[in-house]
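Participant: Chains A and B, in that order, give the protein sequences.
Heads up, the first sequence is in the numbering used here, so the first residue is 1 and it goes up one at a time.
Heads up, the second sequence is in the numbering used here, so the first residue is 1 and it goes up one at a time.
Hints were generated in silico from the structure; no laboratory data involved.
Just so you know, even glycine gets a beta-carbon here, dropped at the ideal spot from N, CA and C.
Here are the computed distance ranges between Cβ atoms for each label pair:
1) A:N202 to B:Q136: 45 to 51 Å
2) A:S241 to B:Q23: 40 to 46 Å
3) A:K61 to B:Q136: 47 to 53 Å
4) A:R212 to B:Q380: 42 to 48 Å
5) A:N202 to B:Q390: 29 to 35 Å
6) B:L106 to A:E256: 57 to 63 Å
7) A:V398 to B:N44: 34 to 40 Å
8) B:Q390 to A:N369: 25 to 31 Å
9) B:G95 to A:E105: 58 to 64 Å
10) B:T204 to A:Q232: 34 to 40 Å
11) B:Q380 to A:G95: 52 to 58 Å
There are 2 protein chains.
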Amino acid sequence: MIKFISTISLILFYLFANCQNQQNDSSIAASFFSKALTNDWAINNLEYLVTNFPKRLCGTKAASEALNWSEKTLKEIGADNVFRQDLMVVHWGRGAQEKGLIKSELFGKNKINVCALGNSVSTGQNGITAEVIEVQNFEELQKLGAENIKGKIVFFNRAMDPKFFYTFQAYGGAANQRTKGASEAAKYGAIAVIIRSLTLSNDTFPHTGVMRYDTNYAKIPAFCVSTFHADQLSNLLKKDSKLNLYLESSCIMLPEEKSCNVVAELKGSEFPNEYITIGGHIDCWDNSAGAHDDGAGIIHSMEVLRLFKELGIKPKHTIRIVMFMDEEMDQRGAKKYAELVEKNKEKHIAAIESDRGGATPTGFSLDVNDSIYNKVIKWQKLFNNYGYYQFIRGGSGVDIGPLKKFGVPLFAIMPDSQRYFDYHHSANDTFDKVNKRELQLGSAGIALLVYMIDKYGL
Amino acid sequence: MIKFISTISLILFYLFANCQNQQNDSSIAASFFSKALTNDWAINNLEYLVTNFPKRLCGTKAASEALNWSEKTLKEIGADNVFRQDLMVVHWGRGAQEKGLIKSELFGKNKINVCALGNSVSTGQNGITAEVIEVQNFEELQKLGAENIKGKIVFFNRAMDPKFFYTFQAYGGAANQRTKGASEAAKYGAIAVIIRSLTLSNDTFPHTGVMRYDTNYAKIPAFCVSTFHADQLSNLLKKDSKLNLYLESSCIMLPEEKSCNVVAELKGSEFPNEYITIGGHIDCWDNSAGAHDDGAGIIHSMEVLRLFKELGIKPKHTIRIVMFMDEEMDQRGAKKYAELVEKNKEKHIAAIESDRGGATPTGFSLDVNDSIYNKVIKWQKLFNNYGYYQFIRGGSGVDIGPLKKFGVPLFAIMPDSQRYFDYHHSANDTFDKVNKRELQLGSAGIALLVYMIDKYGL
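Put together the whole structure using the sequences plus the hints.
Facilitator: Take a look at the structure:
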């Protein structure tokens, strides 16, 4: 009988404790969101970052100054310690403003907005003038063969597919033109490539991004062209297939530079040697203020620390806020971080990345095993009141990706994606495109996820 | 045995038909969204409406021209018939640009951005100069009493509460200052009121809106002030409680004007006398282009018709697209529509309103009985792939609200609310604030809801 009563008591105690925990979690969730929504810290600091240090591509002075600012700011928020992880970065320079000019005997001269892709070689000061051949994909190139391509500029004009609801899928479906198009075209003797900008917006901004050369083929200059001008070029080509295109760029690969990741820690009270990493990348393209990509992710990450400090929450595990360097060009920051995790045998219980902009959050993607997924999905109801409606399985991000090989559970915040590629990698990614509340909701949601992982483990 | 086989066959047939229906519904859903996302009709027509007919407050020439445009456009889309519901509207005119000036012996003169609230009387050409008393709510007014208020300007400075996730709740919590503040203050002898703009943004735009007089008290002039200047005024008052405020407006109530709702129909093939109404309001404030409020709702509604026509779907019930006139001032369009529904004994099986902006849709609110809610909630999975994650019970909208007394099930689309009040009722509600894809997703979702209601009934 006593045994029976003990069992019943234990069960009741368990149920009570569980209920109390759930109440506490709801109340903590409300605290994170109300502290974020009633303080302009995030939007003010985003403004400071993107207006003082725009064009902070790795290797630039702006990147170095942004690192200094982040180090100072993380200390001010109250990190227990802030340190640097030294690394070397490539330093690609754009040089003078690029030129693009259509010369048609039928239609005269038309300037088009182009810019060099990151990592591209230059055209030389005399530029390149050649006929243009428009293709949609690599299969088409192969069919055309060297006899139709040699000596020409290849124009990759496959648009992102607007039918995808999640715009990152549309991006994924068009990105290989930009990353690999130059070498694919060089295979058949093309002398330059011009790529339709990866955006769903019809605008006059060229949207840049990194490209890679396959060293088996000649390195030819690679450009992107605004969607507006891509349509114009395509229309003119239909009427005058012999028109010439003039392209000029003076980009250059400079010597590598010293740089670093900046890491801030809030020490764990029980497991100081077990880490939860939260990060974004502090570099951005040199034609952009980098407000959504990835100023927002930097601010989200920093504000997690601010919210823990403001609420006086002492985590059990050490929380690390990482300002990753060089996501855009060669991911040296990501590689360095993973290298040090391995070298120092650090145990990472989770890593969370914010690199999909600062719009209204819709949820998280989880690159985790079944058992962790089943655990985390139970937390989702805590987030539902704040618009986080999806916890889906999928990839995480470029900066925490290298931690996957150590079995670290990876998470990424998923803001509403509809506008993201309107801004991405272009001069259109400015401060005014980020909304205060949408940004605040991101910080609070990540902070809540960190809190739950820290409290219950994975 | 034969009976048994028949029963089994019937069950199998039912299951098969049900499965086929679900497949068809998914496929129709995909069609609505892909047709919307691959056609710039919505954004181009929104641009036309808001750039050609801004400031289309009821009674104005712009409102009348917008009605003509909508009639022509609905015919072009292919409505079976388009007709007008004649009605009279009030015609309130703002007059010259309002003036607001703080005069402080300590701090000198400071201009502040103010504008008259809709329906307000004017100050007369000499304006009003008086001391200011700041309050948060009506209870505070009552405590202060006539001895502290008489002869002064009452400054209602209760901010919208940023802690609400859904910003319409924050709006609801602050709106009575604007709608009723003047008469509440006039009770105690105030000579004018100035209301903190109803926005969560810290900006320099005055956000107007309608106010009502209680005829038991003197009609005193009512203004709104931008949040930036409300903070400034409040700060100065803390240091100089005797400062004076000068307010000037020349608004006037003109004779009523003839106007109308414009109604377009797609005739039902089986139940032509049973209606599904979809609408937004074509009027907007006279200080605004009315892009989100409610250009977006007008375009959403029109595009439902366009999508049905493009997909060649012939509804069983008659679909009505309604351009409601005068939502902002006196809701004459809404009243007229309901009056005619009653007079003509029309059976309305559902009404759907879009009047919460053109941002990314998050779901629908349903003002329906339990049985309808339980039916509709089963359709939600069709919408989930397109970001419509909530079908919640709640109110619908001002224009379809009067149909509630006839038992009509009411629905409203719920776009993401985070940015909405940044624009609402101000000069900041311009075309560039609406995103093409976000708008398209709204049209497609409403069209899908209409399709499901038409197919399965409620």
